[in-house]
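Peer 1: Got chain A; can you put chain B on it based on the hints?
There are 2 protein chains.
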Amino acid sequence: MTPAELRKQCEKGSFDRPTAGYCDGYVQANLVALPERYAADFEAFCRKNPKPCPLLEVVGPGTSLTSRLAPGADLINTLPRYRIWIDGECRHEVKEISAFYREDLVFFLLGCSFSFEEALMKAGIRLRHVEQKKNVSMYRTRIPLEPSGPFRGEMVVSMRPIHWSRVADACIITGRYPDVHGAPVHVGYPGMIGIRDISKPEYGDAVEILSDEVPVFWACGVTPQNVLLQAKLPFAITHAPGHMFVGDLKNEQFARGCCR
Amino acid sequence: MTPAELRKQCEKGSFDRPTAGYCDGYVQANLVALPERYAADFEAFCRKNPKPCPLLEVVGPGTSLTSRLAPGADLINTLPRYRIWIDGECRHEVKEISAFYREDLVFFLLGCSFSFEEALMKAGIRLRHVEQKKNVSMYRTRIPLEPSGPFRGEMVVSMRPIHWSRVADACIITGRYPDVHGAPVHVGYPGMIGIRDISKPEYGDAVEILSDEVPVFWACGVTPQNVLLQAKLPFAITHAPGHMFVGDLKNEQFARGCCR
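Residue numbers (the working numbering), protein chains in the order written: chain A, 15 to 274; chain B, 15 to 274.
What the hints contain is simulated information worked out from the structure, not anything from laboratory work.
As the structure is a prediction and not an experimental result, all values here were calculated from the model.
Built from N, CA and C at the ideal position, the CB exists for glycine as well.
There's no promise every hint is true.
As the list claims (entries may be wrong) - Just some of the chain B residues that point at chain A, by a computed CB distance under 7 angstroms:
1) V144
2) A182
3) I186
4) H200
5) V201
6) G202
7) D226
Chain A extracted, bound-state conformation (with noise of 0.2 angstroms):
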């Protein structure tokens, strides 16, 4: 399936799951919907954060069409599942947001480390949520956000375990992908970053850590709903966690350096 034939099927209604394992190579992002009398201070919370926000394209306001991500593509009704959010509420999970669509909204897509585990797994590491086909794990941190206007709050953290004598591969290779998170925020001790209890995920599923393993943490695309709802906007959309918008660039042309 094409990148365009699964936005097709998202329009008509008849994909309606995670976007995981779809569209292997090619770019997946996360989105962010808003009034425009919030998206400068959104922008600049974004540029001001990199790492758990690393910004790929701004749409709109007055458009629903990217132009860089899959151009000409409608972020209306695309993506398998979307997330209404009122005052700060997620009041909604939906197929279909015409019904919600404002021309004052600003669309925001941000990278996904979904195209960092492809590099990852090409050079041998392990990944255990894809082998077992869960969600990656996610936890609030202690680490500190830059503020910008009412968007304010800590880092979330994606975490992958990682042999012990790859930890440093682990680190070079998404370190070149600076656009989908890029290396790991810490790696090895939780505590350090304020994770109480790291069998227990705030968020994606637990997964085992083996004792030849060390636990390495990667910013992580939930950051900005985590944000979102300490906000309290009165209107936003996100999509729904996993159900992703699939572009028509490939993972690698998000890689930078020349040591790939």
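Peer 2: Using the frame of chain A, we list chain B on its own:
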């Protein structure tokens, strides 16, 4: 002081100190000199174990003049201090090796982590052993080496405590210097690589690990001395620990990739 001036002072006998902190920015190298009959096995050993034994140059037999690291410079008496090994034992530590020179000696110059420490400090990563003017902490591990002829054993590693937020940076920065040990061989848990007591290094000095720091382990140039000891060769010469060969090339010439 230029590298040529330092080597001249060594020849005159007026420089008799460890070379750390001298000739900033210039490459320093470990030295191993062996009779020709062991040279092919040792060179193969280095090629098979490039992280602990990164081969920068091979000199001889029949000459002791380098052509790469310091074109035309002699390796005889230009290091501040040497060790003479007889039947696998270190019998002498001397400033003058003219009396021990043999026509069949082959000299191996191996990369040294002093080169990447400069890059770490330039990136604002603090190194406690440098700040406290101590030798770096080094440990024997259970990480096996690829054997070659009489040369075999386990890797020796150096350890530097790194702030929790800079571990990935330390991996990425040192990964650009594959000729001077490169990226860490392990991050985080001493026990996983067979180190029982992190407060008791087998070589060098102990340094404190603060509560917000992670121990990071790099392959160490002391590995070949440990291997020589086990190989029990009838004759060998090495530098004395910390008393390195100082070349005319800059550390930056050993950086790889365009990400500097």
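Peer 1: Next step is simple, just say for each hint if it's right about the structure.
Peer 2: Status of the hints after comparison with the structure:
no. : hint : in the structure
1   : V144 : 21 angstroms, violated
2   : A182 : 4 angstroms, holds
3   : I186 : 5 angstroms, holds
4   : H200 : 5 angstroms, holds
5   : V201 : 4 angstroms, holds
6   : G202 : 4 angstroms, holds
7   : D226 : 6 angstroms, holds
Checked against the numbered hints above, the structure breaks only hint 1 and satisfies the rest.
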